[in-house]
Each structure stands twice: as structure tokens, then as C-alpha cells.
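Visitor: One letter stands for each residue in the lines below.
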Amino acid sequence: MTAVIDARGLTRIYGSGESQVAALAGFDLTVEPGEFVAVMGASGSGKSTAMNILGCLDVPDDGTYLLDGKNVGRMGARQLARVRGRTIGFVFQSFNLVSRMSALRNVELPMLYAGVSRREARRRATAALDMVGLSHRATHRPSELSGGQQQRVAVARSLVNTPTLLLADEPTGNLDSASAEQVLEVLEAINRAGRTIVLITHDHDVASHAGRIAHMRDGRIVAVDTRVPAAAGAAVASGGTA
Amino acid sequence: MSPWEVLLSALSGIGGNVTRAALTLLGVLIGVGSVILLLGVGSGATANVAEQIEGLGSNTITVSPGFSRGATRFQDLTLDAAEALQAPDAAPDIAEVVPQVSTSATVAHGTVSTSATVTGTTANYFTVTNSPVAIGTPFRDEDNAAARKVAVIGASLAEDLFDQADPVGQTITVGTTPFTVYGVLHAKDTAGGSSANSGIVIPLTRAQRSLTGYTALSSITLQAASAESIDAAAAQAELVVAESLGVTTEDATFTVTTQSQLLEASTSVGSTLSAMLAAIAAISLVVGGIGVTNIMLVTVSERTREIGIRKALGATGAAISAQFILEATLLSLAGGALGVAAALGASRFEIMGTRPVISAGSVVLAAGVSVAIGVFFGGYPAIRASLLTPVAALRHD
Ligand SMILES: Nc1ncnc2c1ncn2[C@@H]1O[C@H](COP(=O)(O)OP(=O)(O)OP(=O)(O)O)[C@@H](O)[C@H]1O
Ligand SMILES: [Mg+2]
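Top to bottom, those sequences are chains P and Y. Sequential numbering of the first sequence, starting at 1, is according to the working numbering. Sequential numbering of the second sequence, starting at 1, is according to the working numbering.
Hints may be right or wrong, so weigh each one.
Which residues of chain Y face chain P? A partial, calculated answer using Cβ under 8 Å [to be verified]: (1) ALA10; (2) SER12; (3) ARG20; (4) GLY314.
Source of the hints: derived by calculation from the structure; they are not laboratory data. A virtual CB, placed ideally from N, CA and C, is assigned to each residue, including glycine.
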């Protein structure tokens, strides 16, 4: 079976001369279909940089990245746009909803760029909002929603094009523990349904939902914990303390 | 993304900041409207002057007295000169000769009195100078021969003196002499017609006897036999008048002016005026264009984060730039259309004394330029934004 993510020796260098920063220095990661991987590490260790490259939002200076078996480095701008729209779903720490649009319109957006008809997009967006428990807030704008609700809208939006891979950069970083738990429950349900998830977090409780935890330092992965059956138990435990 | 979807996102982009969109629209509106209107004023003014000159009569030539440069002698135009012009062998191309004297006098009827320009002339004045009589009749050759005290009065003078009553057959006093009103001139509605409208026309012989004395003529209007013979007639007039005044044509200080010379002079003034107005208007159009560019720059930079979000959701660079170019185009198109409407509306009123004449060309030009500005300057920031990588756009705030 092809790995969803097969990244080797990714390097990303910011700036030039004296002020050069190697945000990524030989980053390797392989993620198999259906896995739930958490990436942890200190602030500045390069987690977001890695996530942006894995999400095709940025390009590495060096290294190869095969997404679902296809070499991203060889893709043109149009193809990259297509991959971002259909193969990857992205959840950001700061939600990144379009503030002028209602929750429903936000969820429709990736489908419109993917060429789905407006009627079909409306139907699927309504279903996605229902799944994250927000069908009663469909017409509200982001400014009229709580942080947790906004993040659930963003999760719904990341899923409507049934992407192969869901990337989440600190999705619970701006949320209180109850809202965080709701978002995590949604992510777990998605993972149980077979979707591959890579999640960045600082929080061990959050990471414990994952099947595997990769630790980053100085732009590379330094250790990987595999904790196969613990995920379900940890979810119950942290659900109890929240 | 379908073109329809692009249009919808462009519209929602415009709707996102209504005040700003309205101000942009206003800038383009004023630019386009003023170009069209000012060009219209220019051509309206030119048309007006041409109309006035044509209102002087067809194929006419004016002989006016002038001052010699050395001021040795003032060359009066005499009745002799007018008579010499009538000789068919000396001036075969001159069909009609209309000598005129003119003075100002008090004209009264009952208790109403006013000052008016009195023109003493011959009966052919009415046809040659294109001054038809609206009510009553003009005076005839025999009225001039007999120096009868009869008058044809201008339309506004008739209204001043008689209000709504019929002036024909009534008696008015010009200076101290009573005159019988024969008729009322057709109102001339051009600016040049105002003196004719408030003037009074009487037989030349009577004017000399009662008002001016047997002094010089104030001018002689000639009518050429045909449009083609105007220049020949003018040349003949110059020779004949010089001979009858006893001077050579080099020494002559009177001037012979043809209608086409007047037209040429006024058209060149008119086109200078039009060019000046167009330049002013073009400046306002450019200012409007800079406004659109500025708004689009602000809009794009303010929405760079949104551009990043859209790209992360699968938008291509083309879809992004199409949306912003369409936004700019819609704004400038709407502004242009409103500008055209405003100009057409304003052209119903007089501006600087003229009714603007709006030409289809100026409408197409102004509207076209405004749209071109929108596409070009709206496109620049849009394409710049569409080239950003999603991370670069997302980091923007
Ligand atoms: N646009 C940029 N220009 C220059 N340096 C950058 C840029 N983005 C990140 N860096 C640097 O790259 C390094 C890795 O940054 P990154 O954002 O990937 O860290 P992170 O692991 O996500 O940190 P955090 O947990 O705080 O989000 C940091 O040292 C940061 O200063
Ligand atoms: Mg980060």
C-alpha cells in the first residue's frame, strides 16, 4: 500500500546570510493510510513549517515529498491548487474562515473551487455542518460564533472534498478544554471512518488521541512513540477530567 | 470555478465594503461624466457660434468701415459705395446689397419706453440677413423710397412694449418720431439673436432723415449670387468700394469679411476650447483611475489573508486574479455607466451659456477608458496577489 505521506530529507531555510534560519533540516516522515499521527516539539522546532510543506502551502528548499505516491516537487501551480483543494484538508490554529461569509458559505468554498455544482455543494456543506453539530448555526458569520464553533466549521470545511489527508496545525491551541474535546472527538470520528490525520500540538492530552507521536527538535524528527491501543483509553480519561 | 461563481465572489467582495465601493464608483462617475459633459460643452459652444454665423444669412459678405493704421483718415462707407456695388458689370457676382445705418434710440408705446438699437436699411434686409417677419409684413422698397415712418420690431421688444397685445398697426415713438408697426421679427433663439430680438428695423431713408442724419453707413451686407462665387464677390466688393472711396486696395482700411472666414475663425476658437475642456476632463478621468487602483491595492492587501485561505482551499491563481479583476471591472463599469447617465442628465441644462452636445464618440471613449483603467489597474494588484504562495498570503495580517 502506498504511504499517504512519504517525506525524505525536507529542508527549509528562511532568510539569507547572517540571519539564516534552517526551520527544517532533514525532516523525514512516513504516514500510512488510516493513521492518526501527532507531531510534538518545542516552539520554533519547525512544526508549522513542516505542516505547511506537507500541505503544499509552501515548497521545501531540498528533499522529496511524495503525497499519495505522487511527487509534489514536480507539480505545476494548477496541479498544486488541485491537490490543496481535493487531496488535503487543512485545519489552522487561527481557524482561517472568510469573515464576510456565513458558516455554510465557508464550508461550500472548497467545493466551488473543485467544480462541484452549487446545489450539490449546498447539500454536502449542510451535511458536514450537521456532522460537527452546527447545523443550527449555518447562517452565522464567523464573528458570531465561539472559537470552538469556528474551529468545528473549519473542520467541516476541511472534510467536504473527502480529502485523503487531514492536516491540523494546533487545532485546539486557541480553545478551552471543553471546546478542544469537542473538536478532538470530531477528528477521532473522522479517523475511525478511515481518514489519515496528522496533527500538531503542544498538549500531551491532545497528542494521546493519536496512534503515533513524532517528536521534533531543530527541524527534524528525533523520536517516535507508538502507542497503539492507548488512544481510545486516553480519550476516555481526558474526557473525564475535562 | 465557473464564471458564474467568479462573478458571485466578485460581487460579494464589492458588498464587503459598501462605502469604499461607493466612493470608487463616485470617482469614476465624476471622471467619466465630466469628460463627456465638457466635450459636449465644447462642441455645443462651437455649434452655437456656427449657428449664429449661419443665422446671419446665407452666402453673405460684410463690409465694415475701419481705421487706417496711420490714422490719417477715417474711411467712411458711403451710400455711393453701396450704389456702386449694385452695378452688375463692376460686381457681377454680387446679387444683393444691403446698406445699413444703426443707432440707439428710445422707443416708446403708451407709458412703456425702452432703449433699442435702430437699424435703418433697405427692404431686402429681411431676406438677405435671414430675418423673416413672424407677424405682419416687412416694409417694401416703396416704403424706403417714400421714407415712410414704418417699423418692424424684434420679438422681445414687441413683448416689452405690447405685452400680449397685437403690435401690428399700432403706433410707437422712436426718438421723437411716431412710427407705424408693420410687423414683428421671428425670435432668434441663439445668443447672437438677442440684439435682433430687442432691436427695431426701419427704412434707411427714414432713419437718415429722422435719426442719424446723412452720415456714413455702419456696414454693408452683401449676398453673393451663389455659394461658389463668395470669394469672387468679396474680391469685387473690395475693388469697387476702394474705387468709390478713392483709395487703392492697399490703403483701404475697411474690411470685407465672408461668412466662411467667420466660421473658420470661430471653429478654430471652438476646437481650442474643446481641447482645453478635454484636457481638464482627462485629468479628472485619470484621477478617477488612480482612485480605482488605490482602492484595489488596499482591497487586495487587506484581503491577502483571504487570498491565502482561498488558495489553501484549492483556488488557482487564475481564479483569484479573475475575481479581483472582475471586481475592479464591475466597479469601473458601473461608475462609467452612472457617469454617462449623469452627463446625459446634465446635458439637458445650459452650462456656461450653451446646451452641451453629447456625441456617441465621447461616450464610447470615456466609458471605454474607464473600463480599461479598471481592468488594467485592478489587474495589477490582483495578479501580484495571485502569485503569492499560500503561506506568504496567510501570514499577512
Ligand atoms: N517566514 C519566516 N521567516 C523567517 N523565519 C521563519 C519564518 N517562519 C518561521 N521561521 C523560523 O523558523 C523556525 C521554525 O518555525 P515554525 O513556525 O515552524 O515553528 P513551530 O514549531 O511551528 O513553533 P510554534 O510551536 O511556536 O508554532 C523558527 O525559528 C522561526 O523563527
Ligand atoms: Mg507553529
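Visitor: For every hint, state whether the structure bears it out.
Guide: Structure-based check of each hint:
1. ALA10: violated (13 Å)
2. SER12: holds (6 Å)
3. ARG20: With a minimum Cβ separation of about 13 Å from chain P (threshold 8 Å), the hint on ARG20(Y) is violated.
4. GLY314: holds (2 Å)
The structure fails hints 1 and 3 (numbered hints given earlier, in ascending order).
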